[in-house]
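Student: Given the coordinates of chain A, work out where chains B, C, D, E and F with the ligands should sit on it, guided by the hints.
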Amino acid sequence: MKLVTAVIKPHKWEEVREALAAAGVAGMTVTEASGYGQQKGHTEVYRGAEYDVSLVPKIRLEIVVDDVDVETVVTTISSAAQTGKIGDGKVWVVPVDSVVRVRTGETDEAAL
Amino acid sequence: MKLVTAVIKPHKWEEVREALAAAGVAGMTVTEASGYGQQKGHTEVYRGAEYDVSLVPKIRLEIVVDDVDVETVVTTISSAAQTGKIGDGKVWVVPVDSVVRVRTGETDEAAL
Amino acid sequence: MKLVTAVIKPHKWEEVREALAAAGVAGMTVTEASGYGQQKGHTEVYRGAEYDVSLVPKIRLEIVVDDVDVETVVTTISSAAQTGKIGDGKVWVVPVDSVVRVRTGETDEAAL
Amino acid sequence: MDTGQAAWMLASSAMVLLMTPALALFYGGMTRSKSVLNMMMMSFGAMGVVVPIYILWGWSASYGTDLFGDGAAGLMGNPFEMFGLADVQGAIGEDGSGALISVAFQMTFAILTVALISGAIADRAKYSTWLVFAAIWVTLSYFPLAHMVWGGGFLSGEDGSLASLLYDGVAPIDYAGGTVVHINAGVAGLVLALVIGARRGFGSEPMRPHSLPLTMLGAGVLWFGWFGFNVGSFVSYDDLDFATSWVDETGLVWINTTAATAAAILGWLVVEKIRDGKATSLGAASGIVAGLVAVTPACGALSPLGSLVLGLVAGALCALAVGLKYRFGFDDSLDVVGVHLVGGLVGTVGIGFLATSGGLFYGDGVAQLVVQTVVALFAVLWAGVVTLVIALALKAVMGWRVDPEDEVAGIDFAEHGESAYDLASTGGTTFKTGA
Amino acid sequence: MDTGQAAWMLASSAMVLLMTPALALFYGGMTRSKSVLNMMMMSFGAMGVVVPIYILWGWSASYGTDLFGDGAAGLMGNPFEMFGLADVQGAIGEDGSGALISVAFQMTFAILTVALISGAIADRAKYSTWLVFAAIWVTLSYFPLAHMVWGGGFLSGEDGSLASLLYDGVAPIDYAGGTVVHINAGVAGLVLALVIGARRGFGSEPMRPHSLPLTMLGAGVLWFGWFGFNVGSFVSYDDLDFATSWVDETGLVWINTTAATAAAILGWLVVEKIRDGKATSLGAASGIVAGLVAVTPACGALSPLGSLVLGLVAGALCALAVGLKYRFGFDDSLDVVGVHLVGGLVGTVGIGFLATSGGLFYGDGVAQLVVQTVVALFAVLWAGVVTLVIALALKAVMGWRVDPEDEVAGIDFAEHGESAYDLASTGGTTFKTGA
Amino acid sequence: MDTGQAAWMLASSAMVLLMTPALALFYGGMTRSKSVLNMMMMSFGAMGVVVPIYILWGWSASYGTDLFGDGAAGLMGNPFEMFGLADVQGAIGEDGSGALISVAFQMTFAILTVALISGAIADRAKYSTWLVFAAIWVTLSYFPLAHMVWGGGFLSGEDGSLASLLYDGVAPIDYAGGTVVHINAGVAGLVLALVIGARRGFGSEPMRPHSLPLTMLGAGVLWFGWFGFNVGSFVSYDDLDFATSWVDETGLVWINTTAATAAAILGWLVVEKIRDGKATSLGAASGIVAGLVAVTPACGALSPLGSLVLGLVAGALCALAVGLKYRFGFDDSLDVVGVHLVGGLVGTVGIGFLATSGGLFYGDGVAQLVVQTVVALFAVLWAGVVTLVIALALKAVMGWRVDPEDEVAGIDFAEHGESAYDLASTGGTTFKTGA
Ligand SMILES: Nc1ncnc2c1ncn2[C@@H]1O[C@H](COP(=O)(O)OP(=O)(O)O)[C@@H](O)[C@H]1O
Ligand SMILES: Nc1ncnc2c1ncn2[C@@H]1O[C@H](COP(=O)(O)OP(=O)(O)O)[C@@H](O)[C@H]1O
Ligand SMILES: Nc1ncnc2c1ncn2[C@@H]1O[C@H](COP(=O)(O)OP(=O)(O)O)[C@@H](O)[C@H]1O
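Chains as they are written, first to last, in my numbering: chain A, 1 to 112; chain B, 113 to 224; chain C, 225 to 336; chain D, 337 to 771; chain E, 772 to 1206; chain F, 1207 to 1641.
Next comes chain A alone, as it looks inside the complex (with noise of 0.2 Å):
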């Protein structure tokens, strides 16, 4: 099993998860994030004192999927999230030793 973890634009996050329902992902776990990169933030004045606002507001998802689905779940998400502008964001995947469902106790496949 694989975590793939997203960050995307906030925008984005009802066309991800409309087109990750659609290929079968049945679950995952949101966090707001923010972002450090290409896409630069803004600058605030507050009584003429000038702050630089770095960080732009993310949407990070976490998916633990079967081994066979990542390929589909990784492109599905980039597609969906994909506005061709700086700052998309970015989705890596990270090896999962095993996963258990907390009502359950089922492991493994059985627990996604």
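I should point out that these hints are in silico values taken from the structure, not numbers from a laboratory.
Note that the coordinates shown come from a computational prediction; the quantities given were computed from them, not determined experimentally.
Careful, some of the hints might be misleading.
[Said to hold, decoys possible] Below, in silico cross-link-like pairs of lysine to aspartate or glutamate (EDC-like), each with a Cα-Cα straight-line distance of 16 Å or less: (1) E:K1203 - A:D52; (2) D:K768 - B:D179; (3) D:K768 - B:E162; (4) E:K1044 - B:E162.
Tutor: Frame of chain A, contents of chains B, C, D, E and F with the ligands only:
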């Protein structure tokens, strides 16, 4: 070493923390997260317009543990977090190459 | 490639960011987190009722790096984030199978 | 009523009306973020329910002719006499008497009193049951007490009243509602908390305030509105040795209100500093309310120095009293008992000591003190019995508690279908359909 | 004006001024967190722009001698007659008449009316265009309507006015601004929403309120301020059968205002309960505003019972009306149409049924009803045409929309360079330089 | 004082009292979320401390007979003369004079002035030291200045006063507290900021406002309350060429207050637009306060047009002045200097140019201008020296700073044991024990 990541129901956090403490786990990192899965969200209505809130609030724990403790930690979490109702969450395990304790620079087992 | 995850004190974020930039790290994903460990939280009192706040605010960084850069990145973070006081945080490293840059579809080293 | 007095009464009425939304903020900030809307809605719902009732039969039941007996010193006014405010002017005075302004002013008190109770039952009560409770309680507990105290009824100084039975010529003093408003609401809160039962996790799970700035804002606006409450409640006592005209008495009441409140902040903070090591902002906000509650009945009868003393005592005692619920295990969630019942008692009984005319400390003996105490106890009794009957009846008929799962997930969604805040970049929400 | 009346007018003016910040909160809570500052700034900007204009030519254009013709029943006052408030006292009365207090009071109405419109164009309008719009619109739509209705112009009861052409002696009733304020703003909101176009994602992306406690706070303060709005708008009608003096009429107006508002809360919540299954806090807050809007023109002409009926109907109808935008696809973002236009029409026309003197239900025939309806339609027409011309002109000259990318990222940063909240332990922000 | 004037004074007093909680919101929104409670508590603590002091010796020290000399044009009133408000009516007039209402009104000014200072020392001052400072400072800086300016002392127009030494018959004008309140607080803020030192990270770490809606709410309520502040401060000048009666003068003051404030919004936003490229919401909120500050001394002496000019200038100058702290490196955290000192000077000196009677621009020469300037400088001097002595003494005795680690972690927890918000689904908090 391994990284155990657990996604659980928020009101179970206190019980899980106590169970882990009893099992000798002294440290962890916690993030707020939202879950998407079989557990359904709810519908909200604002001036007649309906919204599906598909994400459910979850707590996400990360614990780096010694290889030998993995089993205990996973079991401890799953039993403490279990309610038997849909949405109890998942626990997954990922291999870890190395850990550093920032304060001392100690690495690996010593860093936990 | 590897995924370096670091948990640090919030007021050290600025220094770490600068050190990483100096070390050539151009991107990362940041989440707010809470830490539980040797560093103790504090007690709050509301109308005489006492609460133990056991979690301490932390910043959590994720950086996907080339294998060769792992050492540098980990060291850079640990030294920039160090105050020498309990609670400085941890840095851990996890193997990564693949990375994709959503905007271009580039993969692996090219995606960083 | 001349135009100047009318101007102040109009302003006062608006200020007291504002107190209910202010209370919603004060209470709302103290709940967890998953139940703030329900907390606020109990206040806003009280506005919706009590106003029509007040217009229909509330004024009449409060200030109409005694329902039973020969029309003197009774327990309730005739609710049908001025039903729908029919011929209010004719009934109580000639044109230009400002009768309608008095109705306006008194109406806002009824709303607020009901809303005060809601603090005792945060996070767990069915909204429909609450609204029905509000309608029945205001009719059976509030209007009668208002009639007894201010409408020439059993707790006034009239012939045949309780006080007249004890001491001839010693009228009880309740300037702006120590008994009618605060003791009444405080007792009702206690009874409801007992009947409905504690929140899941009470005394074990953390339930700290989700937004203290909201609570402090509420406290600040409550203070502002309370000037309407107290200073608008001008009542002409014969023996005030300090203020001898409308202009003077209102000035005195204004100063007393402020003096007690400021002193209560200090009283509460000192207790906290000694007991907990820190003076908190929730303590300051609570001290404000405690001081205002205590001075409510007393504000026309004390000197500014007496008000400082009363406030200091009230702040300190209420700060100690909010701990009782943990000792005795009743979940008076936002301390309606600790603040309104205790504060109301301190104020009502404190008059017996501190009144510049009649007070024990001013060498005028115990008559006033006894009268004040007896009246307070009668109010406790009345509110206790009436509330208990209503609460148990509603428990049997409608039920009081939301589903336990809903309570854990948050009553805001369960009862109102909303969440209070959406500060995140995404809420994982999907638009489904417009109305 | 005696000092008592002056005291109330001073308080009323301050209360109405407070309504604009209150509206900013009410609206601000309903937007997403990325555009709350812009929403609030449209109100605060209206304060900055309208006040100088009102002082320069606004009062004169509203209450000056008719600009054209023989000075009777016209469309606008002469803006230069009392330019800069020159010789206001001399022009409209002797010293001590309170002329300046009337200016103060009326000025706050102009500000609020402009601010109301902004709810229709949340999240997407260029701030500079909004400010210019505010200046032109208040001059060409607000001052003329104020003149027509309250300044003895075409919609008053004067000789030569619209009403006088229909029925002799039946003056239209608009106590505090059903036409001038609410219909006017509601129509302007509709026109702007159409000209400017919908927000990106309207009807598909979620756009739920980011802070309902802020909205409820706003609603509570609006209610408070509205007592100034309505009760401060004393107008001496000859045939009031209920109130016969300043003290009585103000009392009646106060009660009516509250009665309709409370009833509208109930009306709105009942519709929600039936249609959506839950009574919401946004519904209660919206019901408050709907009730206040509807009773604005009617508050001096109804009995308290009539006000309850009016409020109930207004609450229910507005609750239904806010769905229209999805049906017809115009993005009136915060329901200026559904609440202010619909509520204003309900109130203005409702007078024809419910006025104790002149109302159909009181057996006084249809004359008043016809007059009210015709006046309302004329106001719709006036506001519609004038707003359309201004909106299109500004579209051509300055443009109305911010960059689409900025709209997605959030207009607060794009137009004001700020973010509303920084609640996190880090915002990833770096200090660059002081001013 | 007739009942109408009394009604307005009662309302005004309540409105000014509300300004202190409003200031707490205004300031609180500008701090970081880890220190908002402490910021608000400095205001709430000022309420607790100043009120008892005012009742005990404050009124007497302000309006009692001159402490030294022959009782004319001195520096301070006798604090023991009317200690505890003993016999206030007898001392200053007969019954019905409204003496107590004046006490109420003046008391609220003292509270607010102290609270204003706290903005300069956000996030870092020991709460106990602050409370002690408040008590001493109000006694030694505020009461004397109030006495000098309004109590017939050295800065009034009385024989033997500073002005009378310069020009015979040219009295200084300070309608509602340009010197006593704003210059006084502004200078005190500057001195404290210097004595206490900058926050850790000042000028390098980001310290942006954590909730601008809170700040805007505060600004809106401040504006509302300021009508009490200014319009309640009726003073009978002989030579007003515009207002000739209470009704007229209050109307004028109301309009002038609003005119200057609106213009100051524009002034501030224009500076921002030019300098920073964007007009901000914090700028609008700040402009409101700047305008209100500047018009405070001037509101009875100007025409509405003059007020527009004054406000515009004040808004623009204050917008520029808030940058000074970065240039000179003093951490006046929330710009008490930039807004209150600068705004207070603009208003006080501006009268010399813009007063319709006495102003340079109205052809009345420089006498008034010189008097205003000299009086302003004297106030700066007085406040500066007195504050410096108190601040240094407290530094030596109690210390001013919290522990540096606590400052980084957040003063809210360190000093008050609370956190302002708990919006998360979990706070990782455990219930330990009830009180
Ligand atoms: N090395 C990295 N490790 C983890 N996350 C990264 C890394 N580089 C970029 N990111 C994430 O990807 C987001 C987009 O990256 P950015 O460089 O701005 O644009 P792009 O991916 O289009 O080149 C960043 O905001 C950040 O959240
Ligand atoms: N494939 C997955 N990858 C990562 N997290 C998941 C996955 N599936 C579910 N989750 C997480 O587990 C939570 C519970 O899953 P759910 O399907 O609702 O119930 P259950 O685990 O009881 O079957 C989800 O809310 C989500 O946070
Ligand atoms: N086993 C662990 N797994 C994951 N994160 C941990 C673990 N132990 C500690 N941490 C994180 O590191 C932070 C610092 O740890 P702590 O024990 O308080 O101090 P130190 O690292 O200086 O010994 C914690 O707040 C937590 O976020």
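Student: For every hint, state whether the structure bears it out.
Tutor: Here is how each hint holds up against the structure:
Of the supplied pair hints, the one linking E:K1203 and A:D52 holds, its CA atoms being roughly 6 Å apart against a limit of 16 Å. Proposed proximity of D:K768 and B:D179 is contradicted: the alpha carbons are some 47 Å apart, above 16 Å. Straight-line distance between C-alpha atoms of D:K768 and B:E162 comes to about 5 Å, which keeps the hinted pair within the 16 Å bound. At roughly 14 Å between alpha-carbon atoms, E:K1044 and B:E162 fall within 16 Å of each other, so this suggested pair holds.
Hint check: a violation occurs at hint 2 only; the rest are consistent with the structure.
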